[in-house]
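Using the sequences provided together with the hints, build the complete structure.
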Amino acid sequence: SAVISQKPSRDICQRGTSLTIQCQVDSQVTMMFWYRQQPGQSLTLIATANQGSEATYESGFVIDKFPISRPNLTFSTLTVSNMSPEDSSIYLCSATEENTEAFFGQGTRLTVV
Amino acid sequence: AQSVAQPEDQVNVAEGNPLTVKCTYSVSGNPYLFWYVQYPNRGLQFLLKYITGDNLVKGSYGFEAEFNKSQTSFHLKKPSALVSDSALYFCAVSPFGGYNKLIFGAGTRLAVHP
Chain B
2 SAVISQKPSR
12 DICQRGTSLT
22 IQCQVDSQVT
32 MMFWYRQQPG
42 QSLTLIATAN
52 QGSEATYESG
62 FVIDKFPISR
72 PNLTFSTLTV
82 SNMSPEDSSI
92 YLCSATEENT
102 EAFFGQGTRL
112 TVV
Chain E
-4 AQSVAQPEDQ
6 VNVAEGNPLT
16 VKCTYSVSGN
26 PYLFWYVQYP
36 NRGLQFLLKY
46 ITGDNLVKGS
56 YGFEAEFNKS
66 QTSFHLKKPS
76 ALVSDSALYF
86 CAVSPFGGYN
96 KLIFGAGTRL
106 AVHP
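Chains as they are written, first to last, in our numbering: chain B, 2 to 114; chain E, -4 to 109.
You can trust all of the hints, since none of them are fake.
According to the in silico footprint, chain E covers these stretches of chain B (three or more CB under 8 Å from chain E):
| hint | region |
| --- | --- |
| 1 | 27 to 34 |
| 2 | 38 to 51 |
| 3 | 101 to 110 |
If you are wondering where the hints come from, they were derived from the structure by calculation, not from laboratory data.
Every residue, glycine too, gets a C-beta built ideally from N, C-alpha and C.
Shown next as structure tokens:
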């Protein structure tokens, strides 16, 4: 399957600032998703990144806090805005190709201080 | 509400013994079912999936899983555990079928002891 590269792999940020995470796939994919994995917990879907249009957010997540872009079939960004310590998590990009299971990037480990 | 349950936070097994990691789900329709494994400081790796057909599916690294529709379960199994199998295992469901967004269970940490 295709390979996802996520940048940065980790970061330590000051509260009140914003961080943009990049997700690059080495081939065109059908769908792209962003998940959050809080410390010691499972993965929760933040949103589906839609190519050329607004992302589809899950309950509890809003565009102002987590703006997402997907300008083409291989790239997406997630911004974590106005960060607080509660945003400290691993953020994972995921993608699917036609009729294949989802694959994941290595994740971005975010610590907000 | 749609959900996935992994009732065990941790499973301990001796190397060479069989292992089972349990998963039950509550979704409507005919979901796709998946198992993923997460090693420390690494992303999730796909192990196996059930879409339709034979209730016993085989996947990577000698793992297999048994789908039981009446019990809405999808337990992960391996006949002989290895120390290198020690990792965090996630059961996931695509509730509407297809390769779409996933609902994950809480995860089960598997510890295989020499």
